[in-house]
Amino acid sequence: MTAAFPLLAEHIPALLVLVPLLASVIIPFSPAPLRRAGGAVAVLANAAALALASALALEVFRLGRVTYRFGGWAPPWGIEYAVDPLAAIMLLLVAFVSFAASVYSGAAASAEVAHERLPYYHSAALLLVSGLSGMIITGDVFNLYVFLEIASLAGYALIAAGRRRDALVAGFNYLILGTIAATFILLGIGYLYMAAGTLNIADLRERLPHIYHTRTVLTAFAFLMVGFSIKTALFPLHIWLPDAYTYAPSPASALLASTGTKVGVYAMLRVTYTVFRPEFDASVVPMKTILLVLSSAAVVYGAVMAIAQKDIKRMLAYSSVSQIGYIVLGAAIASESALTGSLLHMINHALMKASLFMCAGLMLISTGAEKVSDLKGAARRMPLTMAAFTAAALSMTGIPPTLGFVSKWHIALGAVEAGLWAVVPVVLAGSLLTAVYFWKVIEPAYFSAPAEGHKPDTPAPFWAAAPAAALAGLGLLLGLAAWTPAAGAARAAGELLLK
Amino acid sequence: MKVRPSSNPVTETVSALLIPFMQLYALYLVAHGDLGPGGGFQGGAIFAASLILRAIVFGLDAEEERRYESLGGSLAAAGVLLYGGIGLLCMARGGSFLEYPALPFADPKTAYHLGIYGIETGVGLAVAGAMLLLFMKIAGSRDD
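Just so you know, the sequences run in chain order A and B.
So for the first sequence, the numbering used here puts the first residue at 1; every next one is plus one.
So for the second sequence, the numbering used here puts the first residue at 1001; every next one is plus one.
Don't read these hints as lab results, they were simulated from the structure.
No residue lacks a Cβ here, since even glycine has one placed at the ideal position from N, Cα and C.
Be aware that a few hints might be false.
To be verified - Far from chain A, some chain B residues (derived; all Cβ distances over 12 Å):
1. Thr1013
2. Val1014
3. Ala1016
4. Met1022
5. Gly1038
6. Ala1049
7. Tyr1117
What the hints assert, rightly or not - Between beta-carbon pairs, the in silico distance windows are:
8. B:Glu1012 with A:Arg215: 49 to 59 Å
9. A:His115 with B:Leu1035: 47 to 57 Å
10. A:Leu8 with B:Asp1107: 24 to 34 Å
All chains, full assembly: derive it from the sequences and hints.
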């Protein structure tokens, strides 16, 4: 494909952000027939973005690094897009999950989003994807902030689109915390610019080491880390997340849970490993130790809270807090295996949590179930949904042939290699606790009789069930063929550390 | 709540005098953006302010409210599409995104100026449209 359109190939990095952005503007403000087909337009735009991301990933793995200059200005003066293998993997992940989520939304969003708001819902979802892709792809810290705001604003709107009034409160709380986070990040960027006089990431990397010990740089680092920790929902800054994911419409929860927080972690990795070098950690701030403690706490706290929940979506939301802990834990251990595990777990969590939230939406559509206690005998009433839920839960827990096993194995292995024996029980305990809260759903669904006299079930639309099942299946498939993504992620991890 | 007139002769007279000049000044700011202070954002904000002033002072009936909203949406979308369209045109002509000299004009310098002018116009439209939409969503009586 790239050979057939040389002109197109050159512009893929820019188009990847532009296509969803322009589509998001077209949907709500176009004539009525096109507005009604908003879901289809969103699927098409996401399919185009997925094709572009795939082509870009092939190109990056062939060349090692692809850059794009805006307006013909050379970096560090102009804004540059820079795609390395890590960014390529993340772009592909975001494009893939958002494509699956858009297929699901097209069929199922109308069940949870008011009819007249649907075009705006699809528009906000595309805007989110555009913002997240921009955050991943950009090679300029200020541009990163701009895309962060685009993604965040779209995220608040998506959460507030939920059916209950609680969704507005949840969206507003996230708005407040998200704005604090964005302000911190902007302040951090401002201090970096003050100290180094540049905004280009590659240029910052060259200039910062001379001034690592200045107070300005330290302040910048602190602001950036706290800001991204809020966006990532790293314990104890996760308080916006449970309400947001519980009250948002299921397709929005699926999209946000699988992409939003991952891109936050990605930005954190970029700051700690690309903008700052590992020496900064060793000689100035013991960031790894801080992250190690916080993420270990997140793994256990999130899982324990998930066990205590009665609402299915709230349980999945606390599960996200726990799994984000795993991802940050792998990144904080910072050995090559642990980073590989962290990246694989990002992929695993993105695919599985998207599938799980879609299943939660399907349960609501077909049986009206919102609480764990509503799921008695659910496996007989909706076998496909429960099968997908179970498969995704297995991968989330880390049962052998799934991707979750491979990722958690690498994180534990990395901890052993780095001599951090105290982390190993955390990884294992987290997995056990994960098994406990998923068992709380699976046990009544498979081993209890349906309650007497329940309302007749509505069959779930095919195009809503298909992406949920496909994503869950992918967890098994990727786990079986783990050497392929593992190899890619490992290469990205190595690149990240050794560059 | 409907957007109602304040029916005060002072505000009405002053606004009627002021609004055309505000709009002219908004256009000046957009056009002058690449040479001096001003630009698309400021121009767009002032243009929207003129329309909002009109709504506050003279009031809007249901039909006007509908038109204000659809105008806001169309302006916002048109602005973003103009911006993106100029960028894409630069790409189609062999430059990178927003590389103005690639635009089809006689010499690169003219292309540069007109390119920036087009971009500023896009920004102005988007800002004016978004401000109108925000105002109507907060003060208007329509519910969708």
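Now the hints, each set against the structure:
Distance to chain A confirms threonine 1013 of chain B as a non-interface residue, since its nearest Cβ pair spans about 36 Å, more than 12 Å. Residue placement check: valine 1014 of chain B keeps its beta carbon more than 12 Å from all beta carbons of chain A (closest about 34 Å). Look at alanine 1016 of chain B: its CB is around 31 Å from the nearest CB on chain A, clear of 12 Å, so calling it non-interface holds up. Look at methionine 1022 of chain B: its CB is around 25 Å from the nearest CB on chain A, clear of 12 Å, so calling it non-interface holds up.
Under the 12 Å C-beta cut-off, the non-interface status given to glycine 1038 of chain B relative to chain A holds; the minimum distance is some 20 Å. For alanine 1049 of chain B, the requirement that its beta carbon stay farther than 12 Å from each beta carbon of chain A is met, with the minimum near 22 Å. The Cβ of tyrosine 1117 of chain B lies farther than 12 Å from every Cβ of chain A, with a closest approach of about 15 Å, so its non-interface assignment holds. Checked against the hint of 49 to 59 Å, the pair glutamate 1012 of chain B and arginine 215 of chain A passes, with Cβ atoms roughly 57 Å apart.
Range check, histidine 115 of chain A to leucine 1035 of chain B: about 48 Å between beta-carbon atoms, so the 47 to 57 Å window is met. Checked against the hint of 24 to 34 Å, the pair leucine 8 of chain A and aspartate 1107 of chain B passes, with Cβ atoms roughly 28 Å apart.
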